[in-house]
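*Asks:* Sequence:
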Amino acid sequence: TVIFALEYMGKEDLELAYERFEEECKNSQQDQLVDLLRCVQKIYTHPLSGTSTGMTPDMDVKQLIASQARKLEQKVMWRGISFLPSDWDKVLEIAAAAAEAMKQRYNVLMLPHHTQMIALLMFGFRVCGAGASGVGFRELPKTLLARVGTGEGKSLIIGMLAAFVAMKGMRSHVINDDRLLAQRDFAVNAKMFEALGIIASNSPTSLKDDECLIVYCTGDDVEGTCLDSLTEGEAELYEESLRETVLIVDEVDGMVFDKGVVSSKLFEDRDFSEMVNEWVSQLTVSNQITREWDDWRSLGEGSKVLQSETEAAWKEVGQKVEGHDYTRRGGELYMMDTRTNKIAEHAWSLWLEILRSQKTDRHGFIHYKYVKAILCRLQCFMSYSCIFGLTGSLGQTAEKAYLAEHYEAVTFNVPFFLDTCRADGGGPQGKRAPTQIGQMEPLPNLEEQDKAVIALAAARCADVPVLVISREPEDVGALAREFEAELDRVYGEELSDADGEEEEDEEAAKGSGGQGARRVIQLLHNPRRPREFVAMVGLATEPVRSRSAGGPDGKRQRWPITVTTAEGGRGHDYRVTDPAIDEKGGLLLILTWVPSSEREWIQFLGRTGRQDHSGQYAVLLSYEDEEVEAASHIRQPEESFVQAMLRRSDEETAKMLQAFNHEIAKGRVMHKLTSRYWTLHQQEATTKKQDWEWKLLCEGYLEEPDKDAIQRRFDEIIPPGVRLVVDADQVNYAGEWKDRVFLTPQVMSHPGDTGCLDSEATTTPPVTPVAPNSAMSMGGAEPTTPRHVLIPEDYAFEIRKIKFFGMTRRVLCAPEDLGASPFLALCNVLLLRKQISVPPTAMWISSRDLMEKVMNLLVDLHTGAWVDDDPRCAELQHSVDGAMEALPSLKFGLELDCRFSGPADFKKRRELTVFEALEVTLLHGWVVSPLDKEAFSVVSPHSYNELRVRLVELEDVKRRFDGGDTSNQGMDADQLQRLMHDIQVIEDVPVIRDFLDRAATQLTYEGIIQLHEAMGDREVAVFFRNHVYGTLVRHKDELCLLCTEPSADSEIVWERLGAADSTTAYLDGDFRPAHPDGAAEMPIRKQESSGATGQRGLRLEAPCEQGQARPGGLVFGEARCRRCGITNKFPTVGRQAPILRCGACGEEVQVDQ
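So the sequence shown is residues 1 to 1153, counted in this note's numbering.
Treat the hints with care, as some may be off.
[Said to hold, decoys possible] Below, a list of computed lysine to any residue pairs in the SDA-like style, where the Cα atoms sit at most 20 Å apart:
id, residue 1, residue 2
1, Lys71, Arg38
2, Lys431, Glu24
3, Lys695, Glu663
[Claimed, not checked] Quick list of the computed label-pair ranges, beta carbon to beta carbon:
id, residue 1, residue 2, range
4, Asp209, Lys320, 38 to 46 Å
5, Asn107, Gln439, 41 to 49 Å
6, Glu448, Glu274, 48 to 56 Å
7, Gln436, Met656, 26 to 34 Å
8, Lys834, Asn27, 40 to 48 Å
9, Glu699, Glu274, 14 to 22 Å
10, Glu408, Lys75, 24 to 32 Å
11, Met656, Arg712, 24 to 32 Å
For the record, the hints were derived by calculation from the structure and aren't laboratory data. Even for Gly, the Cβ is constructed at its ideal location relative to N, Cα and C.
Go ahead and model the full structure; you've got the sequences and the hints to work with.
*Replies:* So this is what it looks like as structure tokens:
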């Protein structure tokens, strides 16, 4: 490919390229495409390099492009979309990065072709209009599809387009129906993305990662993620995020046509599985189910339905044909897609499960699954901002009409590269089409067909590589054996020194040490070993490694015969590098069947005659093939059998797509109802009966006459009056206390306090004593009597929607009467990182539900993180267990003891394991500067509590000095050591007091500096200051705290964090000053020693008298327990107080109204 591009780079003609593009755009009969092309001509006016002559790998690519490319002086407009000079600069930067990546890979300097640049700019214009609407914008195509010939650099166009989308601040999902090809293309473009500083991935888990701007995956991955959002009750939120994302499709057929209208998600039911296993056991023994199951409990007829389904599946097992309905790969059985003859890797059916239990090593439990979620593919894909597709074929008339109607698609052809090059005589170079050879008419029967295929392949493999595409996977092995026998007859058996040395397929897949390929290669995809397939493709055009005596004429087999199915007939590059192959006509492709679509036919032919290579193919059919026999009745004069079969296929496709039109409406309503059902199901608001009826609807909705009938049936299952998202406790979530609650005490500790828990406490509901925040307070005396501050175990957070780096996020507001807690800050970090989510339509969420989400995340993060024989297993397990135990206490506060040496330094305590286990950074800004040498030497080794001990020790030192001789004469070692300690205390205390006075806000300039160093751009963390926990983010050179006031202005999202003597300002979701015009602006104020952070915090510094307001607006009342005498403190909220229990002994505490 590289040699081909280098050879013709100097022959490209930009003017000729535009002429060919204009012809293709006019042929599409789309005036908007002609207008678009003329706009591109105003931008790309000059080649990026004049000629390949003189271009060497040591040249600076950026400098070369800068010297050749013309600058864009002003914006160019197309249908209301502006393509700016800065956009052209981005395109040039991408082209340079692509060339640099190519140089690193092949050590040659090769710039993108004219066809690639023009296609990129046509798509790029539409990218600039992504999300554009309203006055001034003419109607824009939602979908833009281009035919790009095989071997024409389609993967590079897609990579550059994805990079342009990312540089415009949006995300792109690049999908290929073949995972191997998706991973290959990502690997090819990864260096370019890295050079541009773009975060990209080929992991499906990155589809929901907003920081990952480019994701290469399959259509199944996109559908699976969308299905997950439906079943998690987050469909609206996920589809909203897709409106800021572009979908780029490599080959549209797998996405649009071959898979149908809907996708479904299967769920296993253990109870059903046990029944099915029992019944299958009975059928295996006696071929019948010998007893009825009548213990279904709440489902009534469910038992009979499931039993009938099992009996039907048992009968199907005997009717299924290996090679047509299913196939064996790598010791496992897979279902076949009978339309495309490919493995349906993730397909499930009960008959297949039964068959697997009989015919594989997995003689185990049969897992019964059934559909409980329906996804409308069209709705999923159309949720994206726009769709771009590059494909080897756009299909026939019916398929183009379907795309235009349902995907709002505009299509055009990208000219072949050689059609834009000048030959030596000055005329267009032109691309050669493969030549058809051999038998033109079908053969009488299958036996004659096999003979013709074997004879032709065996004769030609002496000169060129041969690729045979068979219909059925099981025919591959049979043909391979016949080829081996024929090769022995024609060329003689392999010599003895090769006997016993043939490698297994796996070894052949790894290569053969440069010795060449096997005589016959069986090319079948094994889902368990995907890389083996790619390696085998590479060997298909390598000389054979075996030696034989040779035929009567002295000829020997030089090239392998590769036998494959449709899996090897598309997307893979059978690279021809030996000029002798071109002299003999090129790689020979032998087809034993004609696929059901022209798209697939073009893909098959694209395996030979790639770029400027010669190509040849033979079509050997049989009249015994039903498709051939049907085509013989409709074949017109001057029409070949292939043309007749493709025309018939187009007619059948038109009927199929017409049926799709009826299915789309039903699929859309099921998509909506799936979201509704799962929102209720996640809240445990559906019964077993409703779950079963929903299952039946998912399986039989296509049999309903129309979408209204589907809606009526669903309303019968789940009446419309059932409320979604918020349950009957919504009024409590809004701030009302429940009638009766058990409250966990927050213990105000002091020396000698044990929490005042007596032996009788064990008879009451368990309570958890939690250390207070008061030990971190800057002033006030310690309480003289133990007290308990009572906070509800379950309270509600208001949900707020914000913008976060261009993406929509839902975050939590601090409860008005409880303030910000470490749990709130932690949850907001996880929400911003999209590690947890809240229902998209909910206004409130309970702390109980949030706690469950965070605990589930803890489990998910560490599931599989260790292995049994890992010596660190026990330690890691202990750490996670500790985090699970400590997590609930974060709802009520957390006593932290800052160390002054760095922003991440705290005294160790159990609760910190929560942040470590969740990989959330916990920071403070109370840091002493190394430049302040005296303070640094005294303060940095200690924590705040250790400094307070020093201050307390001063009084003892004074008393000792006032009461006796301080002479060191006659002192023993211990006395002398104490004297030295006292002197050190006297020297340290002034320094300590001076530092604490200067850093009373608990935020220093050194802290600001080190916070910047500790956080990367866009990183979020929990920030601790003055007993308040906030959510901190770094945006470029600014540190910002999330505003969680429930009454905050809707435009205000962030508060800029500054040092003590700086001003603070409020910012919107884009980190711009909120209300720049001054309207309704919140006052910009000095930061006070209270550590204002734009949040309402719970500060427990000094004890308050009854009814006295706490900082943050929280008012406490007191009630003395008649049983144990403990004074309990509880928050009063101006509403009817609940019935409380003593935090120490559990006795009911009467609260005066």
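*Asks:* Which of the listed hints are broken here?
*Replies:* none
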